[in-house]
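There are 6 protein chains.
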Amino acid sequence: MPPQDRANGPIRTKDIKRPPRSLIKSLEGVGSATATSELKLLGIRNAFLQGPVCMTPGVCVVGPALTLQFMPKREDVYPESEYVEPEQQLHRHVLYHTRPGDIVVVDARGDMTSGVFGDMMMTYFRGQGGLGVVIDGCIRDSAHIKQLGLGLWLRGVTPNFHTQTNIYPFAVNVPIACGGALVQPGDLIIADDDGAVVVPIQLAAKLAEAATVHVEWEQFSHERLAAGGDLRKYYPLTDAARVEYEAWKRR
Amino acid sequence: MPPQDRANGPIRTKDIKRPPRSLIKSLEGVGSATATSELKLLGIRNAFLQGPVCMTPGVCVVGPALTLQFMPKREDVYPESEYVEPEQQLHRHVLYHTRPGDIVVVDARGDMTSGVFGDMMMTYFRGQGGLGVVIDGCIRDSAHIKQLGLGLWLRGVTPNFHTQTNIYPFAVNVPIACGGALVQPGDLIIADDDGAVVVPIQLAAKLAEAATVHVEWEQFSHERLAAGGDLRKYYPLTDAARVEYEAWKRR
Amino acid sequence: MPPQDRANGPIRTKDIKRPPRSLIKSLEGVGSATATSELKLLGIRNAFLQGPVCMTPGVCVVGPALTLQFMPKREDVYPESEYVEPEQQLHRHVLYHTRPGDIVVVDARGDMTSGVFGDMMMTYFRGQGGLGVVIDGCIRDSAHIKQLGLGLWLRGVTPNFHTQTNIYPFAVNVPIACGGALVQPGDLIIADDDGAVVVPIQLAAKLAEAATVHVEWEQFSHERLAAGGDLRKYYPLTDAARVEYEAWKRR
Amino acid sequence: MPPQDRANGPIRTKDIKRPPRSLIKSLEGVGSATATSELKLLGIRNAFLQGPVCMTPGVCVVGPALTLQFMPKREDVYPESEYVEPEQQLHRHVLYHTRPGDIVVVDARGDMTSGVFGDMMMTYFRGQGGLGVVIDGCIRDSAHIKQLGLGLWLRGVTPNFHTQTNIYPFAVNVPIACGGALVQPGDLIIADDDGAVVVPIQLAAKLAEAATVHVEWEQFSHERLAAGGDLRKYYPLTDAARVEYEAWKRR
Amino acid sequence: MPPQDRANGPIRTKDIKRPPRSLIKSLEGVGSATATSELKLLGIRNAFLQGPVCMTPGVCVVGPALTLQFMPKREDVYPESEYVEPEQQLHRHVLYHTRPGDIVVVDARGDMTSGVFGDMMMTYFRGQGGLGVVIDGCIRDSAHIKQLGLGLWLRGVTPNFHTQTNIYPFAVNVPIACGGALVQPGDLIIADDDGAVVVPIQLAAKLAEAATVHVEWEQFSHERLAAGGDLRKYYPLTDAARVEYEAWKRR
Amino acid sequence: MPPQDRANGPIRTKDIKRPPRSLIKSLEGVGSATATSELKLLGIRNAFLQGPVCMTPGVCVVGPALTLQFMPKREDVYPESEYVEPEQQLHRHVLYHTRPGDIVVVDARGDMTSGVFGDMMMTYFRGQGGLGVVIDGCIRDSAHIKQLGLGLWLRGVTPNFHTQTNIYPFAVNVPIACGGALVQPGDLIIADDDGAVVVPIQLAAKLAEAATVHVEWEQFSHERLAAGGDLRKYYPLTDAARVEYEAWKRR
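Protein chains in written order, with the working numbering: chain A, 181 to 431; chain B, 181 to 431; chain C, 181 to 431; chain D, 181 to 431; chain E, 181 to 431; chain F, 181 to 431.
Bound-form chain A, shown alone:
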């Protein structure tokens, strides 16, 4: 019944289609805050994945989403035997698709007692060039995982493993809900201290374009405001401020 056929031979899951490297590059300067504002103008009311919070301050990532979907555990469809047979475990399969720059996004249904990935899984993911993980749930072995250099957006951490109590991995690279937002496999994720944002792949180029309209004067305004300048004058720039700004730019 799940998208993956488990009955006949080894499990095969679909890969995602990745965008050109140049598109991702063009979005790397765009933070999550700018992304949500511009996506609003492009018609997306809320692209924010509310729930997972940044556990790795200062890390900013942009990359395509591999997706993993959990479902409530039911013993007839997830017997213990599956747990002991590694190649049956779908949370491994999503990682098998990892290419450098990929981001794994997981619908763990907000569960706070299941650790979706542990140290070994995340070490492998990092070894394959994975950039970050966004989970509407938890990881385990967090002390070790935090040292791998990955970006982590999580609801929390737990010592429990992923099928210990309530949920089990159900599907790989299918559309999922994460943090109240729809994420399709191959959509882009922009994530930083403010949180994670989904960029629908078909809007990514438009977003990059909108965000490259260079606001040259923002640095100038920032300096002025930090020095006690008047918000009404420097943000946005008044005509009077623009004269100052032109002089500032010439220096």
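Incorrect hints may have been included.
Which copy is meant is left open, because identical chains are indistinguishable; a pair holds if it fits in one copy or across any two.
Said to hold, decoys possible - Simulated pairs of lysine-lysine, DSS-like, Cα-Cα distance not exceeding 30 Å:
1. Lys326 <-> Lys429
2. Lys429 <-> Lys194
3. Lys197 <-> Lys429
4. Lys326 <-> Lys197
5. Lys205 <-> Lys413
6. Lys220 <-> Lys326
7. Lys197 <-> Lys413
8. Lys205 <-> Lys326
Just so you know, these hints were derived from the structure itself, not from any lab.
Put chains B, C, D, E and F on the given structure of chain A with help from the hints.
Just chains B, C, D, E and F now, with coordinates in the frame of chain A:
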């Protein structure tokens, strides 16, 4: 990307496989409380769909599950144009499959501001012989719908329509989560005042068998307890009580 | 500091401006479900007061909103002495403005341990012609109040009185938040089994107009669907169904 | 480790001390709303058991509390074997103490997936003269139990049995928390449509006394307010109203 | 309808009355924990703003509150045009009042998807001498804002801007609820790692006085306890300990 | 009524039985993640205390549990006078039992407005050799306490003291619920960045044994995965990888 192909011609969604009528009949005397107890013995720790509550006291239903899955609304995949084109609306398509005795189970993600079905949809469902609806969310037009004779297990009611704010119908007759339990299309639902329970289809016959072990003496015990009898004597039956019971039975 | 001057003489609070009786009349056939749909088309994404639920099934009300706002209780601004001096209690003052057909809407901050109104207050309100009460919180003396004939939309009931624990009445006939929606004094409320909806007063005429576009054929469709008719044919009406409908109408 | 010694022979649990029947009688006219108000004056800020709601409208009970405490289930202290041995089950033992007029109060930790009592247990309780049950959790077999004539204050219902998932009965007639309030075995419970209230046994006589200060004029005021009388005149009574009242009383 | 007149000319909002600098100075040694204890003695049961947590460990602030109130967004009172006209945006206006030492307190209704302030606003606020911000909600651009040297007490962070989804700024320098506590404009805020506390301005002098009762021996006790001393002897000081303390003090 | 007799002379509370030092030593290498996995195999479905989160990253503790139970505050059983009499305060008594290596576990009922321990209490606890504290609630004076070198697993921090609002200390060294798990006095606690886990004392030796099955090859696998090795080959080890591993080990 959803299971339904929307690009080419009219939408087609899969039907479910229904069990023999006799199997359902054999479960009609089994309430939800007995079902969860027996399913526990069969290895299912929790078959209860926690969240939707009974809105139609006294109504008991048993039947196969048609399933409908909602996802967070995202304007690029659910444009307004879809709303205005009835045949594009997947919540109608799940109803098109209705056969007499069917039960619709909906993963509405717990959303309390979206009315999954309104009066017209439910009237049609009833007209086709539908028995009941279990929703991890709400309906609208509830005053009218309550008069149709359907069983209703809901989180609540709302005047809003289904795609007014946060969610949209995404897939029909796929495995879903509802009330923290996994429901596969074609599983059986037993629902009454205590709530709704999923019976995995491959366990249904075993459940029916276990539940037909007739506890003849329960009515006797019930009478005795109601009359002030001692729990220790009458539930379960002691040897002394069994003698009384045999006499009671002969009368 | 509150909008009411408590220092000098008796408290005076502002009344609301009520719309012509004809406007309210024109909305009395419009239920909350139709109201939210039409308001969506008028640009209001969500007019539903999510939280208060209908405690009086079958009661439908339309009327202008008197508003009452609670604030977290702080002993320096709400001393016990205020409680013992009836004319200092603002929850009485909102009722003093009652005219026949009025509806009181209360922001009780979702508090589940404070009973905003008791039997005497509600009896007075009913005696003045009040229609109903919408509270993002609770009432007390609920057994008596349910017999008054008022419409009640509440989060729950409690034996506690309104300033017993956490909140106190702060302002009368000011804009409030109730159930996650903004309600301005004098806005209209439409409430029934599905819940309560705010109609911004400046949109009320437009809503009435939109809702009076008579859907004559809906009753016909309803009958057909209840009799097992095809949703695709009867909702909305196809050309074939329209011919049937015309014949039906002539009978 | 629990208060009951399970190691040596049959389990014995403590009974409660019941107040004189006359004390309970003197409180039977006092509803929960009056009780919380008067207890506030006696120094108890919040005697309301917030959480369990009335499932049996119109039923009012006053009686001493038998208490039952649940704890999170841990397989080493609650093995399956305990479940199959009825006399090991503590939820039975609390019922063994039932005397006519008793009320069982249960700390079920707010759990929504465990049915504390089923039909047989409640039939026995009723047969022994039990008045009502207050549970910070659920019952099962609710359709049958609602017909027994008991008062029920619950968070909800479920088909699951009491040790199916997360909790197990741990102690009988010990102080418990229920709905955020402390209940000691032998305290009095007053419960009606507004909810359940704990009356510390040592304050019960004072409460009865305070509540018997007869407010003769309240019925008069009620009539006047229902007929459109002025709140400022009739509640509390002004001197002018008192004259009317005296005349009314003479009729 | 809001306190600010938006119809006629530029918006004007009220400033607050600030206490003498000496009063604030006298409270700077008093942490939030001491403040709540002493305020309890002064009759304030709970002065803690529960919800916003400290995001800037080690920063302690004392200062007068500028207040900003959000309301649920409703499209008829907050049209898009307001967003594009900076001088119409009330969240700017509260910052215009900033004097050195001020603290902005915001009722953002607990909303987790709206960023009340971004980098530019907070840079301006810091440039004007602002000390800190307490929000029952979120900021955006958090990576930059954390470097400004402000104290931050927040429920979280988000990339969304303040009117992107559910709320909009409604009033400046009015009484607000924040974290379940009432804050009046001009009240003092004491905030540190434990959280933020409101000091009603009329109690500030009394609090300062109570807190200056010098507990000279506390440092002595602290040393003794850290070295393994007996709590019963050293906290509070016994007579025996007092002798030791006197000796310690002489050294 | 509480386990401690308060009526006659000074309060005495029971101590716990501590396991041999060697047992604790044997568990010190076992983290919380390994502990939950192995306890699952030993029949404990969920040993994780969900709720309290690690506030002291990098700190790992193993030790026996002293327990403290809070109950909802009720003024008749917890009068103000108790607060002012230190030796009546039970939260002090649990600390009196401290031996080096002990861990205090507190059921604070999830309350976010009560600070269970302050600076002086925790300094004393540390002075006696206490290792850490796990609280289903908060501490106060957190800035100071974080510098003591204790491990802290908490739901949060607050400036309020422990009996300021809703709860009061009720019993020492009794079985408690903390984070949805049962903790008996003398059980072992293993806590680190992932959270706190209860090890039933009778399972501690088995857990230690299971965990000492040395997985020598894990470090090897870790290195290979970090370097881009294939998960399918190195985790678990295939035969081919085992050859590599033997060579690696010889180096």
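When the structure is checked against the list of hints, which entries are broken? Sort them ascending. Going through the list in order, the structure violates hints 2, 3, 5 and respects the others.
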